[in-house]
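Novice: Once you have looked at the hints, place chain B on chain A.
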Amino acid sequence: MLIAAAPLAVMLFLGGCSTNAFIAADPDSAAFLERRIVQKNDEVRIAAAVPDAAETEALTGLPLYSQGIQPVWLEVTNTGSRGLRLLIASIDRDYYSPLEVAWMNRGGYSDKGKADMERWFYENAIDRRIPPGETRSGLVYTHLTPGTKGFNVDVVASDLDSYSFTFFVPIPGFTADYMEVDFAGLYGPQEIETLSDDALREKIRDERCCATDESGTKQGDPFNVVIVAAPLALRRALLRAGWHETEAGSAETAIARLQRYRGRPPDGTFTKSRPDGAERKELRLWLAPATNGGEPMWLGQVVYNFGHAGDDTDDLRVDPDIDEARDYFLQDLWYGQSVRQAVYARAFDPVPEGDPVMTFSGSSYFSSGHCAVVWLSEEPVAMDDVHLLGWWTEEELE
Amino acid sequence: MRACLLAIAAALFLATGCTGMQPAAGSDTPRSAQDEVPPPNDRLFEQTERDIRVTTAVPSVAESSRLFGVNMYLSNVQPVWIKVENLSDTRMLLLPVGTDPAYYTPLETASRLFPWNWIIDRSAGESFSNRKIQFEIEPRSVQSGYLFTRVDEGTKSFNVDVYPISDTEPYRLTFFVPVPGLRLDHYDVEFESLYDKSEIRDVDRAGLIAALEDLPCCVKDRKGKNDGDPLNIAFVGHVEDLYYTLLRAGWDETETLYGGSLFRTGISALFGKAYRYSPVSPLYVLGRAQDAAFQRARTSINERNHLRIWLTPMRYEGQPVWIGQISRDIGIRFTWKTVTTHKIDPDVDETRDFLVEDLAYAQGLAGIGHVEGVGAAAFDKPRQNLTGDPYILKMTFMTSVMKPRDG
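Sequence lines, in order, name chains A and B.
Quick note: the first sequence uses the numbering used here, first residue 1, plus one each step.
Quick note: the second sequence uses the numbering used here, first residue 1, plus one each step.
These aren't lab readings, by the way, just hints derived from the structure by calculation.
Fair warning: this is a prediction, and the values are worked out from it, not measured in the lab.
It is possible that part of the hints are untrue.
[As the list claims (entries may be wrong)] Here are a few chain B residues that face chain A, going by a calculated C-beta distance under 7 Å:
1) L95
2) T105
3) L107
4) D204
5) I330
6) D345
7) D347
8) E357
9) D358
[Claimed, not checked] Far from chain B, some chain A residues (derived; all Cβ distances over 10 Å):
10) A25
11) D28
12) Y95
13) S110
14) R128
15) S215
16) A233
17) A251
18) Q331
[Said to hold, decoys possible] Quick list of simulated restraints, FRET-style, between CB atoms:
19) Q47/B - D213/A: 48 to 56 Å
20) R43/B - A24/A: 51 to 59 Å
21) A210/B - S158/A: 21 to 29 Å
22) P189/A - E49/B: 48 to 56 Å
23) Q67/A - P180/B: 37 to 45 Å
24) E193/A - S166/B: 29 to 37 Å
25) Q219/A - Q47/B: 42 to 50 Å
26) E123/A - A210/B: 29 to 37 Å
27) Y361/B - R82/A: 53 to 61 Å
28) Y361/B - A24/A: 42 to 50 Å
29) P352/A - Y361/B: 49 to 57 Å
Don't be surprised by glycine CBs; every beta carbon is placed ideally from N, CA and C.
Here chain A stands alone, though its shape is the one from the complex:
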């Protein structure tokens, strides 16, 4: 009976206060546009800006962040002589249409308020077609991502030539954990080794298998990936593949921060959640004192969290088959067109499934003892152009 009454009460409640007017701002004069980022080529110029939660509410009159919706403001100028078409699905394949957002938020508004809202969303949408010499601007409604907003903007010319731009727009008030690390001050110039491929292979084998706890005495999770990449390429690759930054000091990564390499917690932590559940992959990265081919070497732990059993937050369940997480990570960046070259390398002794190792944080793992070594590219690499080196085996080393 109670259950049956609840929807009725909600309906009465919604029906009873439909009196609000819709109040929104003019996007063209919004303050957040001062943070716009511009990219251009010979034929097109694109400016992008992303309002934070408060700015979004001031702009649209609606608390869209709390609904998981994040507006992106775009301005596209056709500086060439051909017609251009903006592909909105490039920004978010499952974007919300403007009138959909209005419909979702219609509750509580007067008839005039609803009409004003629909009109505002309709008029502030961005046109897809941009004739030569003209500019179009407007809002696209994407799914909210925590941290720096990373997205592509694809533009197609009338004869199907296309341009792709990648944007990373910082959101004020959000400090990713890696932003608090002074990377330049981590190592002295004499400490950093320059490694050939062979030396890198040896380094991976000789490097300690695993992180430790704070005291440096108890064993933590093993390093199952090694990345060779410039910091920007690394960040782009992760954001392009849908990994999210983690806010400094976030409770989400409290367990990750217990892991230590050279006494430090991870220099950066990224997460990627399942589209259909709570299970989450977690990447913890440390800058190593070494370079290969002029690019820094990173040690990483990729683990797969299945979530918590009930309310017991200490009981975080982790997939003990850490090779699965490693294999997923390699493929994920590969399909994201960020991998230039990859190899599996012997990093530590095999840990059989029947005799897993228990770490200080209470999780256990087993592994073939190989880590994935991934060289990243600044430019997108077609899947077929990835150089697969196969396996670096013990025998080749001796």
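Specialist: Only chain B this time, still in chain A's reference frame:
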């Protein structure tokens, strides 16, 4: 009893020996034929390309329950059986991300299905990891087993991507495997027999444009009297190419309306749970209900795109011409005519443009063009569909030419 214990021990040993990707050197030997995981049924789909042969099968709900002792479909897990035969002298890698970008690991599957006791009852996890396909395929050897993917009912469309560890070109095979248990529209329509040979006519570009301009503006109700949603898209392409592209882009076929499906739709509407195959009601063009309907769900039934298509008797450059109507559901609304119906996004052009982009990203479009069809309807003077939903139009028709798969 002893035989049973021995079998379990053997299975454990096997699982230990084949964990993850193994190095080439050392004592690891490729699995022999006896180690093969048998297929779940005899509905096998096989493709051979250059140096590999791939066979796949997808168990139904009942078959997977029998195999794994639990209804995995309820937890959105669908096992796909894959056998890869490497006929070359090069080692190869199977990349499961190509099959499902969010595939489940075996232990994750166990954790999903047995959330409370997956650690205590380790046998649950083992029954999945023992039957998982190994990703590495040695030269001249065979790997078979299961990949755990997200559920697709109706036709399961997926790729099997295999990368040789050499400069050889990779293998990318696409499978369409029907899964029993779901009645789908297109199985009831025989496209071949819709039109007599005498009715079929070839049109050139001008003829196609003229014919599309002459079409009725909108879909009709059963009596053919009231105008419904506007016809706003046309496709040129063979039925296989059209299906291939739509499925690749994540569109699902719809279930034919019957009691069970209506019940499931009601449940999903009430609780916001996505039932991706919920039926669509029939709308009429050319004197008949749609030949096929597709939908693409986001997270809830309240946000779906609906596409209905009809085959026309026209052929353009030898390929069939289809007309269609697409709309985006943005919510549920109460009506006196059908009690509840979906609220559609009035900006049907926006929805149509989304479809075109979606198909383009599925690498399925060879070209697009605009045709003037129904007259424009402005924001201030929307027309109404059959259930009284307003819609607005800026432009009208868009023709999409599908890219042949091998072209």
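Novice: If a hint holds in the structure, say so; if it doesn't, say that too.
Specialist: Now for the hints, and whether the structure bears them out:
no.	hint	verdict
1	L95	holds, 5 Å
2	T105	holds, 4 Å
3	L107	holds, 5 Å
4	D204	violated, 22 Å
5	I330	holds, 4 Å
6	D345	holds, 5 Å
7	D347	holds, 5 Å
8	E357	holds, 4 Å
9	D358	holds, 6 Å
10	A25	holds, 20 Å
11	D28	holds, 20 Å
12	Y95	violated, 8 Å
13	S110	holds, 18 Å
14	R128	violated, 6 Å
15	S215	holds, 27 Å
16	A233	holds, 20 Å
17	A251	holds, 22 Å
18	Q331	violated, 4 Å
19	Q47/B - D213/A: 48 to 56 Å	holds, 51 Å
20	R43/B - A24/A: 51 to 59 Å	holds, 55 Å
21	A210/B - S158/A: 21 to 29 Å	holds, 23 Å
22	P189/A - E49/B: 48 to 56 Å	holds, 52 Å
23	Q67/A - P180/B: 37 to 45 Å	holds, 39 Å
24	E193/A - S166/B: 29 to 37 Å	holds, 31 Å
25	Q219/A - Q47/B: 42 to 50 Å	holds, 46 Å
26	E123/A - A210/B: 29 to 37 Å	holds, 35 Å
27	Y361/B - R82/A: 53 to 61 Å	violated, 21 Å
28	Y361/B - A24/A: 42 to 50 Å	violated, 31 Å
29	P352/A - Y361/B: 49 to 57 Å	violated, 43 Å
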